[in-house]
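Chains as they are written, first to last, in the working numbering: chain C, 1 to 245; chain L, 1 to 245.
Simulated from the structure, these hints should not be mistaken for laboratory data. Among the hints, erroneous ones may be present.
Because identical chains share one entry, a pair is satisfied inside a single copy or across any pair of copies.
[Unchecked claim] When the alpha-carbon atoms are kept at most 30 Å apart in a straight line, the in silico BS3-like pairs for lysine-lysine are as follows: (1) Lys-231 to Lys-244; (2) Lys-245 to Lys-11; (3) Lys-244 to Lys-11; (4) Lys-106 to Lys-220; (5) Lys-73 to Lys-124; (6) Lys-231 to Lys-220; (7) Lys-224 to Lys-11.
There are 2 protein chains.
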Amino acid sequence: MTYCLAVKVNKGVVFASDSRTNAGVDYVATYSKMTRFTWPGERVLVLLTSGSLATSQAVVNALHRDLDDPEAKFDLRSGKQLHEVADYIGMLSQAEQQRREKAMEKSGNSAESSFILGGQIAGKAHEIFMIYPQGNFVSTSSDTPYLQIGENKYGKPILDRIITATTTLEDAARCALVSLDSTIRSNISVGPPVELAIMTTNTMEEPYHQSMTMNSPMYKSIQKQWTDGLKRSFNRLPRFEWEKK
Amino acid sequence: MTYCLAVKVNKGVVFASDSRTNAGVDYVATYSKMTRFTWPGERVLVLLTSGSLATSQAVVNALHRDLDDPEAKFDLRSGKQLHEVADYIGMLSQAEQQRREKAMEKSGNSAESSFILGGQIAGKAHEIFMIYPQGNFVSTSSDTPYLQIGENKYGKPILDRIITATTTLEDAARCALVSLDSTIRSNISVGPPVELAIMTTNTMEEPYHQSMTMNSPMYKSIQKQWTDGLKRSFNRLPRFEWEKK
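Construct the entire structure; sequences and hints are all you get.
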């Protein structure tokens, strides 16, 4: 499994992803699920992937193939709106899945993949989209400023409590790391390294990026201070009547 | 959906359950999912239910039927070990599901139910069991002192961070309420009132029981103080390098 999320705040977008993949429970491996494409001053894109690793890789390969092919009808630099890019990725994903459909049906496995695409095209607003395995996609609303793919439940409560449109990029990044850490602790199918990217709106340059192991100072210190803070908050919760005597 | 959990600590067992049931998204209702049976000095049992409401109710009806029938081969007062009672409940659940099997298959619906049974038989240790729809069941281990049924993911991280065998009953109860509240906030298929039962080991009397709405003082105050505490802890998380300048 996987857990990836993108948080869109007024100041920009935070992307975070785990790196664990597995085929069954007895073949576990580590792969980055975050791909960044930057054309400084022109467009900044970040893609997060979950689901079938074969489909995800095939889509990323197709993105590079089209960028290298001057005859390609569409590529990541085409499209004046980010939703056109999301639609293009959805089509690549569907094309790959349809190619494998018969073989997958026979095997009883799924070639489905989900994606989060976020970024900014110069002169336009920054946006994020979740692209379903069927190729269609949704964006955020002001009430729901984040999108998740994969094991999204463990890490949702903290997002619901903290994130609003006016959250700073740094707070959104810390919240994304806490959300990922909670998921990693409760579900072994989600694991480190954790990748973090922070895109500041209108800078139109390579987003800040860091890949953190469990031993990276920032990750370790967030993990420790969050655990300590939770315990402190927990110990301050109200007492039952009979404890007050 | 549903979210119920039982936490077994050295001092006893805490049970907590939500009360929302739904048939599709357009028929939502409120039902208690906690049934308590106490024979003071003899045995204390608490049953939590999730899944098909029809199956859950049929099982609870069958429990009462057997208690009222002097000819019944087994009832809740039979069995010297709690796992025999768990096995009996699993059999009742399977019998009900098998009765409905053909009709359910035709409709494409599921008659599956899961249960948590906990309590104590005089002279024996207190225990909790999760009974699968198939009738088999598992208990806890010293490493995993809690069991959950229904929407279990949202509320798992806080349990993993707080609960150990030496946690007090009151802390276990507060943790169960926080776990339920996090789930209620993030998933509309889980809703109030929230029922809480606390069984202190070896007292062999009616467990403490409270049903709380969102406006109950204890629930409201836990909810507020937890939200405030989380925000305080969140605001104390370490800064990124560039924020320190």
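Should Lys-245 paired with Lys-11 be assigned to within, between, both, or neither, using CA atoms and 30 Å as the limit? Intra 50 Å, inter 19 Å, cutoff 30 Å: inter-copy only.
Can you tell me if Lys-231 and Lys-220 fall within 30 Å by alpha carbon in one copy, between copies, both or neither? both (17 Å within a copy, 20 Å between copies)
Using 30 Å as the alpha carbon limit, work out where Lys-244 and Lys-11 are close: within a copy, between copies, both or neither. Answer is between: at 19 Å across copies they meet the 30 Å cutoff, but 46 Å inside does not.
Checking Lys-224 and Lys-11: alpha-carbon separation at most 30 Å within a copy, between copies, both or neither? both (27 Å within a copy, 29 Å between copies)
Identical-chain pair category, Lys-231 with Lys-244, by Cα at 30 Å: both (20 Å within a copy, 26 Å between copies)
Homo-oligomer pair classification [Lys-124, Lys-73; C-alpha up to 30 Å]: within (22 Å within a copy, 74 Å between copies)
When no copy is specified for Lys-106 and Lys-220, does a C-alpha distance of 30 Å or less occur within a copy, between copies, both, or neither? neither (45 Å within a copy, 53 Å between copies)
Hint 4 from the list above is the single one not met by this structure.
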